[in-house]
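> Residue numbers (the numbering used here), protein chains in the order written: chain A, 1 to 112; chain B, 1001 to 1110.
None of these hints come from the bench; they were simulated from the model. Treat the hints with care, as some may be off.
Claimed, not checked - Capping the alpha-carbon separation at 30 Å, the derived lysine-lysine pairs in BS3-like fashion look like this:
no., chain 1, residue 1, chain 2, residue 2
1, A, LYS53, A, LYS70
2, B, LYS1070, B, LYS1056
3, B, LYS1056, B, LYS1102
4, A, LYS3, B, LYS1069
5, A, LYS3, A, LYS53
6, B, LYS1056, A, LYS3
7, A, LYS18, A, LYS53
8, A, LYS57, B, LYS1026
9, A, LYS3, A, LYS13
10, A, LYS57, B, LYS1056
11, A, LYS13, B, LYS1026
12, A, LYS55, A, LYS71
13, A, LYS55, A, LYS18
14, B, LYS1026, A, LYS55
15, A, LYS55, B, LYS1102
16, A, LYS3, A, LYS57
17, B, LYS1069, A, LYS71
18, A, LYS70, A, LYS13
19, A, LYS18, A, LYS57
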Amino acid sequence: DVKVTQSSRYLVKRTGEKVFLECVQDMDHENMFWYRQDPGLGLRLIYFSYDVKMKEKGDIPEGYSVSREKKERFSLILESASTNQTSMYLCASRSTYNSPLHFGNGTRLTVT
Amino acid sequence: SQQGEEDPQALSIQEGENATMNCSYKTSINNLQWYRQNSGRGLVHLILIRSNEREKHSGRLRVTLDTSKKSSSLLITASRAADTASYFCATGPGNTPLVFGKGTRLSVIA
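Generate the whole structure from the sequences, applying the supplied hints.
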């Protein structure tokens, strides 16, 4: 079974801090994604990557950056955390566009 | 950009009844997928239906796809309390990231 592991389930950070959210998948998937989920807004795509060292902006990239130095790891970086980045962050991976997404359990980030 | 929209937003049924959720989308698709999310957890893939398929079954799940109407439905038969969750449809054209709807919250009352 594919496993997507997010490093933290819950995280509390202060405004202005640099925050790293880590995601690792164990199935050699090419594609990896970061979504955020907020009540009433559903899932929104932040960034995605189709290959190592490759990244593409999603619908809401402002205030975020990503890193994919190795195929199995896709990191989301909040350069300077703000309260409006309080959210549930979901990482996902897939092998091709015609295959299902596999999600991690999510990181609930609170920025105070 | 919202691709899929689920309907209804919330659904409450008794155990043993069937639950039907609908999804409408806007652009051409390669496939349409349904996911389930238990409260506070990640999403779990349920079923994928390709654009050239009209119906697909998996256990108590039945998915239909009507590309002429740009719509899909998910039927859960003989619902159980454990089916209580949010259900999302997701799709997108070509080799693009999936875009999700806002989901249907299903409550199955024992």
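> For the pair we were handed, LYS18 (chain A) and LYS53 (chain A), check the Cα-Cα distance against 30 Å.
21 Å, holds
> Checking one constraint from the list: CA of LYS1069 (chain B) to CA of LYS71 (chain A), max 30 Å. Satisfied?
39 Å, violated
> Compare the distance between the alpha carbons of LYS1026 (chain B) and LYS55 (chain A) with 30 Å, and conclude whether the hinted pair is satisfied.
26 Å, holds
> Taken at face value, is the distance from the CA of LYS1056 (chain B) to the CA of LYS1070 (chain B) at most 30 Å?
16 Å, holds
> Check whether the Cα positions of LYS55 (chain A) and LYS71 (chain A) lie no farther apart than 30 Å.
Holds, at roughly 12 Å.
> Sort out whether LYS70 (chain A) lies within 30 Å of LYS53 (chain A), counting only the CA atoms.
Satisfied, since the Cα-Cα distance of roughly 8 Å is no more than 30 Å.
> Need the status of pair LYS70 (chain A), LYS13 (chain A): alpha-carbon distance at most 30 Å?
26 Å, holds
> For LYS55 (chain A) and LYS1102 (chain B), compute the direct alpha-carbon distance and say whether it is at most 30 Å.
25 Å, holds
> Please verify whether LYS57 (chain A) and LYS1056 (chain B) have alpha carbons no more than 30 Å apart.
33 Å, violated
> Holds or violated: LYS3 (chain A) with LYS53 (chain A), Cα cutoff 30 Å?
Satisfied, since the Cα-Cα distance of roughly 21 Å is no more than 30 Å.
> Has the given pair, LYS3 (chain A) with LYS13 (chain A), been kept, meaning a C-alpha gap of at most 30 Å?
26 Å, holds
> Between LYS3 (chain A) and LYS57 (chain A), is the straight-line Cα distance small enough, at 30 Å or below?
24 Å, holds
Hint compliance for this structure: hints 4, 10, 11, 17 are broken, all remaining hints hold.
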